[in-house]
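A.B. asks: With the hints as constraints, model all of the structure from the sequences given.
Now for the letters of each chain:
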Amino acid sequence: MDKNRKVHQFKNPVLNWIEFRLPIISYFKKEYGDYPMPKNCNYFWSFGALATITLVTMIVSGIFLAMNYTPHTDMAFDSVERIMRDVNYGWLMRYIHSNGAAFFFIIVYIHIVRAMYFGSYKYPRELNWILGVFIFLLMMATSFLGYTLPWGQMSYWGATVITNLFSAIPFIGEGLKTWLLGDYNVGNATLNRFFALHYVLPFVIFGVVGLHVAAVHVHGSNNPDGIDIKTNNDSVNFFPYMLIKDTVAMCAFGVAISAVIFFGPNLMAEVDNYIPADPLVTPAHIVPNWYLAPFYAILRAVPDKLGGVLLMFGAIVILFVLPWLDRSKVRSCNYRPIYKWFMMGFFVNFFALGYVGMLPAEGLYLLIARVGLLYYFGFFFIITPFVGWIEKPSKLPLSISDVYAKSITPNIGGGEKGIPSPAMQKDTNL
Amino acid sequence: MAKKPKNKRRDFLQLSTVTLGAVGTAAFIWPFLKSMSPAEDTLAAGSTEVDISAIEEGQSITIKWRGKPVFIKKRTKDEIDAAKMVQASDLRDPQDDADRVQKEEWLVLVGVCTHLGCVPLGQKVSDMKGEYDGWYCPCHGSHYDTSGRIRKGPAPKNLDVPPYTFLNDNTIKIG
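For the record, the sequence lines run as chains A and B. Note that the working numbering gives residue 264 to position 264 of the first sequence, counting from 1, and the numbers run on in steps of one. Note that the working numbering gives residue 36 to position 36 of the second sequence, counting from 1, and the numbers run on in steps of one.
Quick caveat, the hints were computed from the structure, so don't treat them as lab data. Every value quoted in this text rests on a predicted model; they were computed, and no experiment measured them. It is possible that part of the hints are untrue.
[Said to hold, decoys possible] Simulated coverage check for chain B against chain A, where a stretch passes if three residues somewhere in it have a Cβ under 8 Å from a Cβ of chain A:
#1 36 to 44
#2 54 to 68
#3 86 to 94
#4 138 to 147
[To be verified] Here are the computed lysine-lysine pairs in the DSS-like style, where the Cα-Cα straight-line distance is at most 30 Å:
#5 K177/A with K245/A
#6 K177/A with K68/B
#7 K177/A with K152/B
#8 K177/A with K84/B
#9 K64/B with K84/B
[What the hints assert, rightly or not] Not everything, but these chain B residues come out facing chain A in the computed CB check (under 7 Å):
#10 G117
#11 V119
#12 F166
Here a beta-carbon is modelled for each residue, glycine too, at the ideal position from N, C-alpha and C.
C.D. replies: Written as structure tokens, this is what we have:
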């Protein structure tokens with residue numbers, strides 16, 4: 001035991017008693033109180049907090065749904081209908097959970113877009129990015145498992161198609177698929193284990209989110225200009241400034257999700273999933289959830305089973321190495337005049353892939369999917385390394401305060417350089 | 001530089017302990033992994049007997065065997081000829097029609113697309129049958145011929161033929 005450990009002193013003796021035994025109070029004060037946020041962070045930086053809030057909402061609503069759900073092929077569909085009709089506020093729990101999943105992906109996609117555009121994945125936050133991609137993978141797995149549970153037609157056939165992806169692996173594929181399913185086709189053994197895993201994975205996600213947040217707090221958050229905090233003038237404390245800002249974002253998010261839950265709860269649902277699962281009849285169009293559709297489009301764009309599966313998983317795995325494909329030291333695309341447009345093209349392309357992923361794979365849609373596939377991988381393997389090499393970035397500001405000095409000084413005339421408005425000034429900055 | 005005997009002894013103890021520990025852990029994990037494989041009752045799902053006397057020429061029925069759909073089709077003369085005409089070597093999964101049937105008018109198939117496991121269309125008169133007049137999988141557009149062989153689309157293999165025997169002229173035992 002380190003006898004020289006300096007114990008943080010608080011006014012409240014109860015806090016002191018706890019702090020002496022477990023320094024959790026000073027930890028929270030450091031990480032969520034005094035934690036310096038770059039003062040130029042815009043609302044894009046609220047989506048991490050929104051994602052955390054959504055994760056907690058999903059876990060809570062999920063636990064209450066599980067109290068009334070039966071994971072058996074004969075009873076699952078009816079137990080969900082019972083939740084909708086007979087359980088008090090069951091409809092609300094279910095609509096929060098089903099639409100919450102969709103909103104979780106919207107938020108996380110915006111969070112990823114922000115990280116890519118402003119170069120948050122670059123040194124020294126590479127591990128943070130890797131943990132984030134890992135969370136994204138876990139989220140996709142969890143949402144797939146959860147989508148199986150209502151045991152409708154889309155649940156059943158979605159599970160069939162996705163688990164069959166594994167059978168594409170040479171030699172061990174069929175055996176692996178059977179092992180995953182616990183049967184030769186999707187059945188009761190499958191539903192049981194999918195329920196068990198769907199229950200536990202969110203807690204795993206919660207743990208990785210903890211690491212993800214801890215990792216970003218080591219070097220601090222990135223910002224729209226992609227430059228480091230140099231002096232106290234460049235930052236504001238998390239409490240109260242960012243907490244209040246995140247709360248405003250949360251209110252806006254609450255309005256958006258409530259509008260869907262109460263006025264269009266099935267907007268993002270598939271009609272076929274209100275038909276009980278039938279192993280003998282495949283729906284005419286198997287449609288994935290929209291948030292997985294871009295990857296589904298990649299799968300279908302390839303006229304070869306193994307090739308399609310490899311490229312689909314490759315499209316996610318490639319994200320892990322993005323920090324090493326991008327050779328440019330400039331983080332923010334705001335200062336990268338060429339790469340900026342390719343980056344925006346990537347987002348549009350991803351959206352287009354998602355759009356055609358929901359439509360039948362034929363004719364023009366198939367062509368769009370193939371062009372989209374080429375751009376997706378071309379962006380990572382060719383554009384990103386090459387542009388980083390030839391591009392001449394614009395001049396970066398000297399500091400975060402400097403950004404404001406430039407934009408404010410001409411208007412107010414002769415204002416002191418680098419001094420932010422009093423409201424933005426750090427209260428500890430004496 | 002040779003180590004002293006004392007160190008060698010310690011190294012050996014350390015290595016053997018770690019090895020035994022690793023083997024023990026692996027042995028402990030095995031039952032958990034194995035428990036996810038199909039259980040005994042699932043494996044014993046067994047066989048199904050089907051009365052085929054009511055099936056007319058050109059008709060096809062779907063029955064359930066081990067949770068999967070099985071197609072039993074009484075083929076017409078034209079369909080049999082079309083299946084026989086094809087050179088096996090031209091196919092993606094080369095197989096002669098004669099190797100896929102026991103009696104040439106009766107075609108028995110597992111009705112699961114070998115791409116990603118959907119049930120192909122083609123059992124009903126009104127269904128799309130694809131470009132080769134057999135079956136067509138709506139999920140990702142695989143076309144099968146009148147012998148259930150893959151002709152076009154992403155599927156890698158022909159539709160499976162399940163193990164079956166004719167108990168008499170009117171009854172097939174599948175499995």
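A.B. asks: State for each hint whether it applies.
C.D. replies: Evaluation of the provided hints:
1. 36 to 44: Since 5 is at least three, the answer is holds.
2. 54 to 68: Contact hint for the region 54 to 68 of chain B vs chain A: holds, 5 residues under 8 Å.
3. 86 to 94: violated (count 0)
4. 138 to 147: Our answer is that it holds, as 4 residues pass the Cβ test (under 8 Å) against chain A, meeting three.
5. K177/A with K245/A: Roughly 47 Å between the alpha carbons, so the hint for K177/A and K245/A is violated.
6. K177/A with K68/B: holds, 15 Å
7. K177/A with K152/B: The hint holds at about 25 Å.
8. K177/A with K84/B: violated, 34 Å
9. K64/B with K84/B: holds, 28 Å
10. G117: holds, 4 Å
11. V119: holds, 4 Å
12. F166: This hint is violated: F166/B lies away from chain A, its Cβ roughly 24 Å from the closest one there, beyond 7 Å.
In summary, the structure is inconsistent with hints 3, 5, 8 and 12 from the numbered list given earlier, while agreeing with the others.
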